[in-house]
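So the sequence lines, in the order shown, correspond to chains A and B.
This note's numbering numbers the first residue of the first sequence as 1 and each following residue consecutively.
This note's numbering numbers the first residue of the second sequence as 1 and each following residue consecutively.
If you're looking for bench data, these hints aren't it; they were derived computationally from the structure.
Among the clues, some could well be false.
Subject to a maximum C-alpha distance of 30 angstroms in a straight line, what follows is the list of computed BS3-like cross-link-like pairs (lysine-lysine) [as the list claims (entries may be wrong)]:
1) Lys83(B) to Lys73(B)
2) Lys95(A) to Lys316(A)
3) Lys104(B) to Lys66(B)
4) Lys83(B) to Lys66(B)
5) Lys321(A) to Lys44(B)
6) Lys104(B) to Lys207(B)
7) Lys83(B) to Lys104(B)
8) Lys321(A) to Lys42(B)
9) Lys316(A) to Lys42(B)
10) Lys207(B) to Lys196(B)
11) Lys42(B) to Lys73(B)
12) Lys316(A) to Lys44(B)
Each chain, written out:
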Amino acid sequence: MPGDSRRVPGPQDSRSPHWYGKQPPQHQETGTRQDGRADHDLRPVYLHAGVVSQATGSAYIELGQTKVIAAVYGPREIARREEFTMKGRLCCELKFATFSCRRRRQHMQDNQEKDVSLIVLQALEPAVCLVSGGFLLITKQGMCVADLVQIYLSLIRSVLVYGHVLLDRFPKSQVDVYITVLQDDGSALAAAITCAAAGLADAGVMMYDVVTGCSVRQCGDRQLLDPSGSEESSQEGEGVEDHGMVTVGLLPSLNQVSALVLDGHLPQTTAVQLVSLVSALVLDGHLQQQTAVQAVKTCIGGCQGIYPILKDCLVKSTRRKVPAVDPTLIRTSIDGQNGRT
Amino acid sequence: MAAPRVCVPGERLFSTADCEAGPGTYVHHGYIYSCLAGYMHKRKQDGKELPIIEVIRQKEDAVPRKDSIVTAKVTSVSGRMCKCAITCVERTTLREPFRGLIRKEDVRATEKDRVEMYKCFRPGDIVLARVVSFLDKKVQVSLLTGFLDAACQLSLGDANCYLLSTAENELGVVLALSEAGAQMVPVSWCDMQCPKTGSKESRKVAKVQLQQE
Numbered sequence: 001m002p003g004d005s006r007r008v009p010g011p012q013d014s015r016s017p018h019w020y021g022k023q024p025p026q027h028q029e030t031g032t033r034q035d036g037r038a039d040h041d042l043r044p045v046y047l048h049a050g051v052v053s054q055a056t057g058s059a060y061i062e063l064g065q066t067k068v069i070a071a072v073y074g075p076r077e078i079a080r081r082e083e084f085t086m087k088g089r090l091c092c093e094l095k096f097a098t099f100s101c102r103r104r105r106q107h108m109q110d111n112q113e114k115d116v117s118l119i120v121l122q123a124l125e126p127a128v129c130l131v132s133g134g135f136l137l138i139t140k141q142g143m144c145v146a147d148l149v150q151i152y153l154s155l156i157r158s159v160l161v162y163g164h165v166l167l168d169r170f171p172k173s174q175v176d177v178y179i180t181v182l183q184d185d186g187s188a189l190a191a192a193i194t195c196a197a198a199g200l201a202d203a204g205v206m207m208y209d210v211v212t213g214c215s216v217r218q219c220g221d222r223q224l225l226d227p228s229g230s231e232e233s234s235q236e237g238e239g240v241e242d243h244g245m246v247t248v249g250l251l252p253s254l255n256q257v258s259a260l261v262l263d264g265h266l267p268q269t270t271a272v273q274l275v276s277l278v279s280a281l282v283l284d285g286h287l288q289q290q291t292a293v294q295a296v297k298t299c300i301g302g303c304q305g306i307y308p309i310l311k312d313c314l315v316k317s318t319r320r321k322v323p324a325v326d327p328t329l330i331r332t333s334i335d336g337q338n339g340r341t
Numbered sequence: 001m002a003a004p005r006v007c008v009p010g011e012r013l014f015s016t017a018d019c020e021a022g023p024g025t026y027v028h029h030g031y032i033y034s035c036l037a038g039y040m041h042k043r044k045q046d047g048k049e050l051p052i053i054e055v056i057r058q059k060e061d062a063v064p065r066k067d068s069i070v071t072a073k074v075t076s077v078s079g080r081m082c083k084c085a086i087t088c089v090e091r092t093t094l095r096e097p098f099r100g101l102i103r104k105e106d107v108r109a110t111e112k113d114r115v116e117m118y119k120c121f122r123p124g125d126i127v128l129a130r131v132v133s134f135l136d137k138k139v140q141v142s143l144l145t146g147f148l149d150a151a152c153q154l155s156l157g158d159a160n161c162y163l164l165s166t167a168e169n170e171l172g173v174v175l176a177l178s179e180a181g182a183q184m185v186p187v188s189w190c191d192m193q194c195p196k197t198g199s200k201e202s203r204k205v206a207k208v209q210l211q212q213e
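Please take these sequences and the hints and turn them into a complete structure.
Here it is as structure tokens:
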């Protein structure tokens, strides 16, 4: 890759000093994790909205040592090169800061970052009123579930049909979400989803629901909720049939899954089970207890755990940012703009 | 009065049996949900039984719509059109300017063919204009292919610009600087005078009217 001539680059293969230090042993006591959590515990969460003054809305999240900041700009004009649309557009760009990981990252957006941007975008789209959302299921390492995905897609769409009512709110304009991962210590994608949703709500963008994200690391029969960096990269459980990462984006109030990312060696039968679970979640929720199914359930539990924090943070930021006003004063201006009452 | 309740997107507020959904809310499975982070208000409607629920966030983000009056700054003038940057929609200031375009035939309502753009606008003028409907090429195509709905919707100009019109007495240049750099005073609907040098410059002047409050 060509270097960036405008910057003084760090050495290509520089590493943090931590790399050379001794890794603390995993699972000192049986039943607890490296940081003393139980398998289904979240790390401490800190969430604050309204941190970037020049952005329309913004949010900052910490999940343990993972730190992510998101800034939302818009509605702004659609760039010249984009094709014409009467609907609003949502754009999402995620960047890992150069110093965020163990290994130094480059300034340019690489493929992983593009992938993650897309996942976050698709996780947010069903929630935001200005776009017609779809549903995303990404499977890696050769899982073939395309047919089931199609079935599931039709199911989700039928639920979200009413979403088109508000599409004309922002004609010809777009909302940009810029996410920067300041430090990646595991579950960066989940943190990015939650943070971006908080930023959008803080920007006053109309949404059907907020989105919370959560990850589970499957190591054999163990399910580690909200894995830390060392747990994400650990080799434990490899060679056994079930090991991988599951990330879920959830609309907590509507109880709908907006994104589901599976990564790892989850056997195909498990994946099939899983898709049927997700559709059943919307309908009923009576299914067998399979590993990946259970992992998704654990994820959803984690997402529900983050929801009160997100809600509390948004209430606080709204009180801070928007002064309570007499509704009769603003009503005239709103009616004038929309041309309807 | 107690501070109104703050809700977040997706919060379930009331059943549709008790209330009616207003701005900032949506209805799903018989319940009213909030779709904004803002303050919830319940207000009585005249002549209706159910109160209306609305969620209000003071800063309403505005984008130019059809028939809305916008304030724009002229950025460049050519023989056929005048480009401008839209800075305000109605009374809301935009965070970032939108591109706008005034075509020669949209400058005034009468004697459209005798309009000379250079005598109507100069770069730097502040203009009041209305967003107009316009059938551009894409719309004509979609008309032919039968997408009439799309054609009706595509009324805000082409992909790049909003089309503006000043073909009303109340629309046109409201603020302009003379060559000497002083703010000019309107003397007729097509002339403005510099208070410093006394020279006249031609513009399409707006007859500014005070809004009744």
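Checklist entry - Are the Cα positions of Lys104(B) and Lys66(B) separated by 30 angstroms at most? => result Judged against 30 angstroms, a Cα distance of about 19 angstroms means the pair holds.
Item to check | Pair hint Lys316(A) and Lys42(B), alpha-carbon separation not exceeding 30 angstroms | outcome: Holds. Lys316(A) to Lys42(B) sits at ~21 angstroms (cutoff 30 angstroms).
Next on the checklist: Checking one constraint from the list: CA of Lys104(B) to CA of Lys207(B), max 30 angstroms. Satisfied?
Outcome noted: Roughly 20 angstroms separates the two Cα atoms, so the pair holds.
Checklist entry - Given the hinted pair Lys83(B) and Lys66(B), is their alpha-carbon gap at most 30 angstroms? => result Roughly 18 angstroms between the alpha carbons, so the hint for Lys83(B) and Lys66(B) holds.
Next on the checklist: With the threshold set at 30 angstroms, check whether the alpha-carbon distance from Lys42(B) to Lys73(B) stays at or below it.
Outcome noted: With a Cα-Cα distance of about 40 angstroms, the restraint between Lys42(B) and Lys73(B) is violated, given a limit of 30 angstroms.
Checklist entry - Taking 30 angstroms as the top limit, are the C-alpha atoms of Lys83(B) and Lys104(B) close enough? => result Holds - the C-alpha atoms of Lys104(B) and Lys83(B) are around 11 angstroms apart, at most 30 angstroms.
Checklist entry - Within a Cα-Cα threshold of 30 angstroms, do Lys207(B) and Lys196(B) meet the stated pairing? => result Cα-Cα ~22 angstroms, so holds.
Checklist entry - Does Lys316(A) lie within 30 angstroms of Lys95(A) when you go C-alpha to C-alpha? => result Given pair Lys95(A), Lys316(A) holds - Cα atoms ~27 angstroms apart, limit 30 angstroms.
Checklist entry - When you check the alpha-carbon spacing of Lys321(A) and Lys42(B), does it fall within 30 angstroms? => result 22 angstroms, holds
Checklist entry - Is Lys321(A) within 30 angstroms of Lys44(B), Cα to Cα? => result 27 angstroms, holds
Checklist entry - Hey, Lys316(A) versus Lys44(B), does the alpha-carbon distance stay inside 30 angstroms? => result The given pair, whose Cα atoms are some 28 angstroms apart, holds under the 30 angstroms limit.
Next on the checklist: For Lys83(B) and Lys73(B), compute the direct alpha-carbon distance and say whether it is at most 30 angstroms.
Outcome noted: The given pair, whose Cα atoms are some 9 angstroms apart, holds under the 30 angstroms limit.
In this structure, only the earlier hint numbered 11 is contradicted, and the remaining ones agree with it.
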